[in-house]
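Just so you know, the sequences run in chain order X and F. If you're matching positions, the first sequence starts at 235 in this note's numbering and goes up one per residue. If you're matching positions, the second sequence starts at 100 in this note's numbering and goes up one per residue.
No lab work stands behind these hints: they were computed from the structure. Fair warning: there could be bad hints in the mix.
[Unchecked claim] A few chain X residues facing chain F, derived, Cβ under 8 angstroms: (1) Ser275; (2) Gln276; (3) Gly277; (4) Pro278; (5) Phe280; (6) Thr290; (7) Val293; (8) Lys334; (9) Ile336; (10) Phe337; (11) Gly338; (12) Gly340.
For glycine and all other residues, C-beta sits at the position ideal for the given N, C-alpha and C.
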Amino acid sequence: LAKTTQPISMDSYEGQEVNITCSHNNIATNDYITWYQQFPSQGPRFIIQGYKTKVTNEVASLFIPADRKSSTLSLPRVSLSDTAVYYCLVGPFYGGATNKLIFGTGTLLAVQP
Amino acid sequence: GAVVSQHPSRVICKSGTSVKIECRSLDFQATTMFWYRQFPKKSLMLMATSNEGSKATYEQGVEKDKFLINHASLTLSTLTVTSAHPEDSSFYICSAHTSWGARETEAFFGQGTRLTVV
Numbered sequence: 235l236a237k238t239t240q241p242i243s244m245d246s247y248e249g250q251e252v253n254i255t256c257s258h259n260n261i262a263t264n265d266y267i268t269w270y271q272q273f274p275s276q277g278p279r280f281i282i283q284g285y286k287t288k289v290t291n292e293v294a295s296l297f298i299p300a301d302r303k304s305s306t307l308s309l310p311r312v313s314l315s316d317t318a319v320y321y322c323l324v325g326p327f328y329g330g331a332t333n334k335l336i337f338g339t340g341t342l343l344a345v346q347p
Numbered sequence: 100g101a102v103v104s105q106h107p108s109r110v111i112c113k114s115g116t117s118v119k120i121e122c123r124s125l126d127f128q129a130t131t132m133f134w135y136r137q138f139p140k141k142s143l144m145l146m147a148t149s150n151e152g153s154k155a156t157y158e159q160g161v162e163k164d165k166f167l168i169n170h171a172s173l174t175l176s177t178l179t180v181t182s183a184h185p186e187d188s189s190f191y192i193c194s195a196h197t198s199w200g201a202r203e204t205e206a207f208f209g210q211g212t213r214l215t216v217v
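Chain F extracted, bound-state conformation (with noise of 0.2 angstroms):
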């Protein structure tokens, strides 16, 4: 089936400093991506969707100088925390859709990145 590759799983980083998370469509393209972010014990709250070729699109709230997202090819969307500080610390999550026509819409999930900022 088609997988969602993310990277890196895990990373500290210091106040202050960027962090580039990937995440990258293995065996299919996928025009549009989503970001999440998840904090302990809750759910999933989508950040953005990234749109190849084009500017993402932020949910209320999110601030898109902070959380940089680029979208440059059909399998790769990177989002980019800028000036990290101990509140971004939480798990970033990306997905991508696949559509087949006529059969189910399913959603692939990336394993993840847990960022922790010190």
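Excised from the complex, chain X in its bound form (with noise of 0.2 angstroms):
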């Protein structure tokens, strides 16, 4: 499984755009990247999924440029119940019910009116 490198925190303000990047430099071919998030004393939350180009759902748009080798969640205008750690995972696609998820650090987005 790829291996995921994300800023620790950010910090933001209500009614702003919020852009967190990770990169993934190992991913392979048949691997798609999933962003979750998750607040305090919660399981994740499936946030966007994608694989190259550009996904857009409505709560988040997810970038991913023709390398792979990164990519960003995009939060349009965010609020203070934005906050929250957010995950990037990469892995293989098909077959999906039995490939378990590997975490890595995640990124605190601190949120503040």
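Using the hints, build the complex out of the two chains.
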């Protein structure tokens, strides 16, 4: 499984756009990139997943360059409730029901009023 | 969407006793579930892979006799912390993955169980 590197922490203010970048230099051809959000004393929650280029859903966008060695999670107009730890994970897609997820350090995003 | 339910959400037990944590997939069948442990301000650490109808696969350094895993049905996996000690106090989280063929694989996590051993 590809190892990921993210900033340990980030600070932002309400209403700003936040971009969290994750490095995964050893990503394999069949690996997908998935981001999870975790609040204190709760299990992680799926945010977004992608393979290449750009993916957007109702809560975030995921930008993946052509070489796929990094990815950027973009959160538009964050609010206080977006304060959480964000994890970037890289792993194979097909047969995913049995593929274990290995979590890196994650990025603690602190949103200030 | 798919839901994974974990019970109890928190438990306090005395040293030397055993504690059982349940993980249920509520609206899908999960032949494989995963158990994690998370210490304060740390990331999730995978403990073991729970396989329905067969023995669990433990990660290196995790004692299989201490953390008993049973996956007797397609919707239920249990983790039993045997002879618990204060150092076993942690946040335990389970997960199960859905796989819809050509669609994205998504992992759903339980709410977590806060275990405190006194």
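Check your understanding: Which hint numbers does the structure go against, in order from smallest to largest?
Key -> Hint check: 6, 7 fail, others pass.
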